[in-house]
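*Asks:* Each chain, written out:
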Amino acid sequence: GAGVSQSPSNKVTEKGKDVELRCDPISGHTALYWYRQSLGQGLEFLIYFQGNSAPDKSGLPSDRFSAERTGGSVSTLTIQRTQQEDSAVYLCASKLSGRGGTDTQYFGPGTRLTVL
Amino acid sequence: GENVEQHPSTLSVQEGDSAVIKCTYSDSASNYFPWYKQELGKRPQLIIDIRSNVGEKKDQRIAVTLNKTAKHFSLHITETQPEDSAVYFCAEFLRGGSQGNLIFGKGTKLSVKP
Chain Y
1 GAGVSQSPSN KVTEKGKDVE LRCDPISGHT ALYWYRQSLG QGLEFLIYFQ
51 GNSAPDKSGL PSDRFSAERT GGSVSTLTIQ RTQQEDSAVY LCASKLSGRG
101 GTDTQYFGPG TRLTVL
Chain S
1001 GENVEQHPST LSVQEGDSAV IKCTYSDSAS NYFPWYKQEL GKRPQLIIDI
1051 RSNVGEKKDQ RIAVTLNKTA KHFSLHITET QPEDSAVYFC AEFLRGGSQG
1101 NLIFGKGTKL SVKP
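Chains as they are written, first to last, in my numbering: chain Y, 1 to 116; chain S, 1001 to 1114.
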């Protein structure tokens, strides 16, 4: 079946511009995560959505970062007034939680963001 | 607080040798421990996982062991091959914990030399 998809796969932008990154989770998955991965580094947690609950935004590095999840499915990560240090790969993951679900996360291919 | 320590950060082995990566977790209530493999430029993919009610799990050349008393778990790769070269991440799942219940280690870069 279809896995987690993300778009765009690559995004080059100029410093100060806003960007939107999209994540389409696996159909039916109720949990959705965003991570940031700088070159050669680990997975930096950004935000977590679970069903209709309020998201866990504790990992967002600044108020320039925000995310939404509409209709419990597609999610958009928005970075306003981008800075060069925002350059990284942004990974989305989804998980089927609740009764019958597992604890396994499935990752998307990521969006490589480059801020010039 | 919740934390996963992963060692070593880099590991280089000769093809055919074994590789072992170890992770230590902090919360005894954690009950699920997955391992992800991330090849260069690719997404992390689950390769094996273990739940807290078992001590070992094997899948062909890879195995994971869990020591609940010492709160550590390890990934074992036998007869390594060049295609095993990747970054490996461990994680602990703690229901009700932070970061969406899943805490990742910082990763181990494994290089298998032919």
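You may find that some hints are simply not true.
[What the hints assert, rightly or not] Below, simulated DSS-like cross-link-like pairs (lysine-lysine); rule was C-alpha separation at most 27 Å, straight line: (1) S:LYS1042 <-> S:LYS1058; (2) S:LYS1058 <-> S:LYS1106; (3) Y:LYS15 <-> Y:LYS57; (4) S:LYS1057 <-> S:LYS1037; (5) Y:LYS11 <-> S:LYS1106; (6) S:LYS1022 <-> Y:LYS11; (7) S:LYS1057 <-> Y:LYS11; (8) S:LYS1057 <-> Y:LYS57; (9) S:LYS1042 <-> Y:LYS57; (10) S:LYS1042 <-> S:LYS1068; (11) S:LYS1022 <-> S:LYS1106; (12) S:LYS1068 <-> S:LYS1113; (13) S:LYS1109 <-> S:LYS1022; (14) Y:LYS17 <-> Y:LYS57.
[To be verified] Stretch by stretch, here's where chain Y covers chain S in the computed footprint (C-beta under 8 Å, at least three residues): (15) 1007–1019; (16) 1039–1045.
[Claimed, not checked] Sample of chain Y residues at the chain S side, in silico, Cβ under 7 Å: (17) LEU39; (18) PHE45; (19) TYR48; (20) GLY51; (21) PHE65; (22) ASP103; (23) THR104; (24) PHE107; (25) PRO109.
Please keep in mind that the hints were generated in silico from the structure rather than gathered at the bench.
Note that beta-carbon positions come from the ideal geometry of N, C-alpha and C, so glycine has one too.
*Asks:* Which earlier hints turn out false for this structure, listed by number in ascending order?
*Replies:* Hints 6, 7, 8, 10, 12, 15, 17, 20, 21 not satisfied by this model.
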